[in-house]
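Q: Once you've looked at the hints, dock chain B against the given chain A.
Those sequence lines, one after another, are chains A and B. Its first residue numbered 1, the first sequence is counted upward by one per residue in this note's numbering. Its first residue numbered 1, the second sequence is counted upward by one per residue in this note's numbering.
Honestly, the hints are just simulated from the structure, not real lab data. Positions of the beta carbon are idealized from the N, C-alpha and C atoms, including for glycine. Hints may be right or wrong, so weigh each one.
[Unchecked claim] For lysine-lysine, the following DSS-like pairs were computed, each having C-alpha atoms within a straight-line distance of at most 25 angstroms: (1) B/K107 / A/K41; (2) B/K3 / A/K41; (3) A/K66 / A/K14.
[Unchecked claim] Computed footprint of chain B on chain A; a stretch qualifies when at least three of its residues, placed anywhere within it, have a C-beta under 8 angstroms from a C-beta of chain B: (4) 5–14; (5) 37–48.
Chain by chain, the residues run as shown.
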Amino acid sequence: GAVVSQHPSWVICKSGTSVKIECRSLDFQATTMFWYRQFPKQSLMLMATSNEGSKATYEQGVEKDKFLINHASLTLSTLTVTSAHPEDSSFYICSARGRLNQPQHFGDGTRLSIL
Amino acid sequence: DAKTTQPPSMDCAEGRAANLPCNHSTISGNEYVYWYRQIHSQGPQYIIHGLKNNETNEMASLIITEDRKSSTLILPHATLRDTAVYYCIVRPRMYSGGGADGLTFGKGTHLIIQP
Numbered sequence: 001g002a003v004v005s006q007h008p009s010w011v012i013c014k015s016g017t018s019v020k021i022e023c024r025s026l027d028f029q030a031t032t033m034f035w036y037r038q039f040p041k042q043s044l045m046l047m048a049t050s051n052e053g054s055k056a057t058y059e060q061g062v063e064k065d066k067f068l069i070n071h072a073s074l075t076l077s078t079l080t081v082t083s084a085h086p087e088d089s090s091f092y093i094c095s096a097r098g099r100l101n102q103p104q105h106f107g108d109g110t111r112l113s114i115l
Numbered sequence: 001d002a003k004t005t006q007p008p009s010m011d012c013a014e015g016r017a018a019n020l021p022c023n024h025s026t027i028s029g030n031e032y033v034y035w036y037r038q039i040h041s042q043g044p045q046y047i048i049h050g051l052k053n054n055e056t057n058e059m060a061s062l063i064i065t066e067d068r069k070s071s072t073l074i075l076p077h078a079t080l081r082d083t084a085v086y087y088c089i090v091r092p093r094m095y096s097g098g099g100a101d102g103l104t105f106g107k108g109t110h111l112i113i114q115p
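Isolated chain A (complex conformation) (with noise of 0.2 angstroms):
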């Protein structure tokens, strides 16, 4: 169980381009979802929160005009990366939670790559 499925799982395009990443929890509710970035040789960074229905909370350094999060349904959130540009290139990883206090699953990431 607690099964979280990202796609795509790898994405090239050339800078400027808009690029859509999909998180699914696939066997329960997730009432928050997160999204994390990880660049070469680094841990993950939490770049932002976001409950069913409600905007997302981003921390600090992250521009949410660029990085658009939207978790309409209680089993889908999607992370828009707008104008993307080379220093945006990173894995991006989304997890998922059901209930509070339980554990976050975490999907196998997007290797996004800007050229």
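A: Then chain B, alone, in the frame of chain A:
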């Protein structure tokens, strides 16, 4: 979140028990100890968590010292597939309406299982 300290790397022979230590000397009474692992190029995988009692599941055992200032994750019969970075994370019990509950990842321990 309380800070945790882990050795940067460890080796273990295949088939032996892998014991991964974690120091969390500033942990407070309502904070849980969580363990995740990240296999190369994948999202983190939840392993186990506990508050003050020892815990065991199908993946591992978690031993928390009586003063709660340190813990040990035990993989009873390590296999090559257990090679990964293991993260020990301390996180407070969350209450409804009470703040963000994203995880703070440190550098973790890179466990290498030797054949």
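Q: Holds or violated: are the alpha carbons of B/K107 and A/K41 at most 25 angstroms from each other?
A: Cα-Cα ~9 angstroms, so holds.
Q: Is A/K66 close enough to A/K14, meaning Cα to Cα at most 25 angstroms?
A: Holds - the C-alpha atoms of A/K14 and A/K66 are around 16 angstroms apart, at most 25 angstroms.
Q: Counting residues of the segment 37–48 of chain A that have a beta-carbon nearer than 8 angstroms to any beta-carbon of chain B, does the count reach 3?
A: Answer holds; 4 residues pass the 8 angstroms Cβ test.
Q: For a C-alpha distance cap of 25 angstroms, please report whether B/K3 and A/K41 respect it.
A: 20 angstroms, holds
Q: Three residues or more, CB to CB closer than 8 angstroms: is that satisfied between the segment 5–14 of chain A and chain B?
A: Since 1 is below three, the answer is violated.
This entry does not satisfy hint 4, going by the numbered hints stated previously; all others are met.
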